[in-house]
Amino acid sequence: DTAVSQTPKYLVTQMGNDKSIKCEQNLGHDTMYWYKQDSKKFLKIMFSYNNKELIINETVPNRFSPKSPDKAHLNLHINSLELGDSAVYFCASSQGEGLSYGYTFGSGTRLTVV
Amino acid sequence: AQTVTQSQPEMSVQEAETVTLSCTYDTSENNYYLFWYKQPPSRQMILVIRQEAYKQQNATENRFSVNFQKAAKSFSLKISDSQLGDTAMYFCAFIKNTGNQFYFGTGTSLTVIP
Numbered sequence: 230d231t232a233v234s235q236t237p238k239y240l241v242t243q244m245g246n247d248k249s250i251k252c253e254q255n256l257g258h259d260t261m262y263w264y265k266q267d268s269k270k271f272l273k274i275m276f277s278y279n280n281k282e283l284i285i286n287e288t289v290p291n292r293f294s295p296k297s298p299d300k301a302h303l304n305l306h307i308n309s310l311e312l313g314d315s316a317v318y319f320c321a322s323s324q325g326e327g328l329s330y331g332y333t334f335g336s337g338t339r340l341t342v343v
Numbered sequence: 637a638q639t640v641t642q643s644q645p646e647m648s649v650q651e652a653e654t655v656t657l658s659c660t661y662d663t664s665e666n667n668y669y670l671f672w673y674k675q676p677p678s679r680q681m682i683l684v685i686r687q688e689a690y691k692q693q694n695a696t697e698n699r700f701s702v703n704f705q706k707a708a709k710s711f712s713l714k715i716s717d718s719q720l721g722d723t724a725m726y727f728c729a730f731i732k733n734t735g736n737q738f739y740f741g742t743g744t745s746l747t748v749i750p
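Protein chains in written order, with this note's numbering: chain G, 230 to 343; chain P, 637 to 750.
You can take every hint at face value.
Derived contacts from chain G toward chain P, CB cut-off under 8 Å, selection only:
(1) K270
(2) F271
(3) L272
(4) I274
(5) S277
(6) I285
(7) Y332
(8) S336
It should be emphasised that the hints constitute simulated quantities derived from the structure, not laboratory data.
Note that the structure is a prediction, hence the values are computed from the model and not measured.
Idealized CB from N, CA, C, for every residue including glycine.
Let the hints inform the model, and build the full structure from the sequences given.
Here is the structure:
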């Protein structure tokens with residue numbers, strides 16, 4: 230049973246396209262996150278949702294829009310893709326807003342913009 | 637602002653030997669949590685070990701243990717009896733007690749040599 234699943238695992242697309250990455254968790258967690266890992270492996274938070282409500286929205290371009298239809302899903306939509314968007318995107322979840330027990334991560338989506 | 641520093645970008649260790657990965661952090665908080673995450677080539681982020689700042693006793697999980705020095709703001713990870721499967725990126729992470737996001741270090745790439 231996959232706890233946090235992301236699809237697709239790999240995504241190759243051309244500049245200017247619009248794409249979505251889906252994330253689902255079956256842990257019953259209240260909070261979900263999107264992280265971006267750049268080519269130097271640095272992890273930076275992008276968004277956080279608690280029970281469908283946006284609680285963290287770091288400085289990311291407006292082309293990135295998270296959508297949470299319910300607390301088990303947090304999708305990431307990206308408009309007008311640019312070369313610099315190439316990265317690995319991780320979805321994660323945690324129980325409540327507190328993170329004292331850490332995240333459960335998905336396996337990541339490697340996005341390559343050509 | 638919280639910062640997490642991992643000063644060793646790359647390390648290697650012989651199989652069955654012991655290796656220590658360094659992590660220091662900067663915070664004015666008194667209550668917080670520290671974590672080590674492992675990211676093997678499969679890309680999955682896996683929680684290795686967790687430490688509560690108010691506990692003086694160092695956390696241990698099988699072959700993994702930490703040396704937590706609160707006054708020095710140091711949180712090193714010791715891996716005993718290194719195995720080939722320990723080859724991975726290791727990330728140190730910090731969250732304050734009331735926080736809603738992690739602060740990750742830049743990672744240490746560990747290679748276990750047969």
